[in-house]
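Participant: Spelled out, the chains give:
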Amino acid sequence: DAEITQSPRHKITETGRQVTLACHQTWNHNNMFWYRQDLGHGLRLIHYSYGVHDTNKGEVSDGYSVSRSNTEDLPLTLESAASSQTSVYFCASSESGWTGELFFGEGSRLTVL
Amino acid sequence: RKEVEQDPGPFNVPEGATVAFNCTYSNSASQSFFWYRQDCRKEPKLLMSVYSSGNEDGRFTAQLNRASQYISLLIRDSKLSDSATYLCVPHGNTGGFKTIFGAGTRLFVKA
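Residue numbers (this note's numbering), protein chains in the order written: chain A, 1 to 113; chain B, 114 to 224.
Keep in mind that the hints were calculated from the coordinates and are not lab data. Since this is a predicted model, take the numbers as computed values, not measurements. Check the hints yourself; a few may be wrong.
[Said to hold, decoys possible] Capping the alpha-carbon separation at 25 Å, the derived lysine-lysine pairs in DSS-like fashion look like this:
#: 1; chain 1: B; residue 1: Lys158; chain 2: B; residue 2: Lys192
#: 2; chain 1: B; residue 1: Lys158; chain 2: A; residue 2: Lys57
#: 3; chain 1: B; residue 1: Lys115; chain 2: A; residue 2: Lys57
#: 4; chain 1: A; residue 1: Lys11; chain 2: B; residue 2: Lys155
#: 5; chain 1: B; residue 1: Lys223; chain 2: B; residue 2: Lys158
#: 6; chain 1: B; residue 1: Lys223; chain 2: B; residue 2: Lys155
#: 7; chain 1: A; residue 1: Lys11; chain 2: B; residue 2: Lys158
#: 8; chain 1: B; residue 1: Lys115; chain 2: B; residue 2: Lys158
#: 9; chain 1: B; residue 1: Lys192; chain 2: B; residue 2: Lys223
#: 10; chain 1: B; residue 1: Lys155; chain 2: B; residue 2: Lys192
#: 11; chain 1: A; residue 1: Lys11; chain 2: A; residue 2: Lys57
Can you make the complete structure from the sequences, with help from the hints?
Facilitator: The following block contains the structure:
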């Protein structure tokens, strides 16, 4: 069955370290998204991609970067982790077109000390 | 005005009750609409899609009013297992295929 997986599921790191969260989908979807979720803020869009070599900034992109070298993967990098980036991160994918259903990974819980 | 606004929660209802959530959106170009359900600390999962005026699936009914830019979700005969956060999602609400979520409405169903 097709799926979307995130790794690591839990990570603790220190301020200033670089962190990469992996997202891999086997749906063959062109669209991929990264969200963060914090208490009181709901899901906020960080970066998104409509296809290979395409990346775009979302609502809260400062301090994050993504790259899309193939259809299956959209890794999210925190260049220099900050305590404000402690959050739960969700990756999602969707087909192109207006059907729009998002398929989510199980989330990655990141703690920055 | 926020792009997506939902009823503030939490809603506390007894089992068997009927409860309705409201959602307004600002971008009239939104093409399709979704309600997602999110359990605590889990990923959101699609509950219902709405492409025309409404949709019904068992105890759940979604209504869309494009003129008023308003979506609702009605849950009949609430179950304990309906306790969750419900997210309103007008798809493509900021152009293209990216999706901005509402903050969600928390529902607690009590025995």
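Participant: Next, verify each hint and record whether it holds.
Facilitator: Comparing the hints with the structure gives:
Among the hinted pairs, Lys158 of chain B with Lys192 of chain B is consistent with the structure: their alpha-carbon atoms are about 18 Å apart, no more than 25 Å. In summary, the hint linking Lys158 of chain B to Lys57 of chain A is supported, as the alpha carbons are separated by about 24 Å, within the 25 Å threshold. A threshold of 25 Å between alpha carbons decides the hint, and for Lys115 of chain B with Lys57 of chain A the separation of about 19 Å falls inside it, so the pair holds. For the hint pairing Lys11 of chain A with Lys155 of chain B, the CA-to-CA distance comes to about 17 Å; that is within 25 Å, so the pair holds.
Of the pairs offered as hints, the one joining Lys223 of chain B and Lys158 of chain B holds, with about 22 Å between alpha carbons and a cut-off of 25 Å not exceeded. For the given pair, Lys223 of chain B sits about 21 Å from Lys155 of chain B by alpha-carbon distance, which is consistent with the 25 Å threshold. A hinted pair counts as satisfied when its Cα atoms are at most 25 Å apart, and Lys11 of chain A with Lys158 of chain B qualifies at roughly 24 Å. For the suggested pair Lys115 of chain B and Lys158 of chain B, the alpha carbons sit about 23 Å apart, so the restraint of at most 25 Å is met.
This hinted pair checks out: Lys192 of chain B and Lys223 of chain B have alpha carbons roughly 8 Å apart, not beyond 25 Å. Proximity of Lys155 of chain B to Lys192 of chain B is assessed by CA-CA distance (about 19 Å); at most 25 Å being required, the pair is judged to hold. The suggested pairing of Lys11 of chain A with Lys57 of chain A holds, with an alpha-carbon distance near 24 Å, which does not exceed 25 Å.
Going down the numbered hints, you'll see the structure goes against none, and every one checks out.
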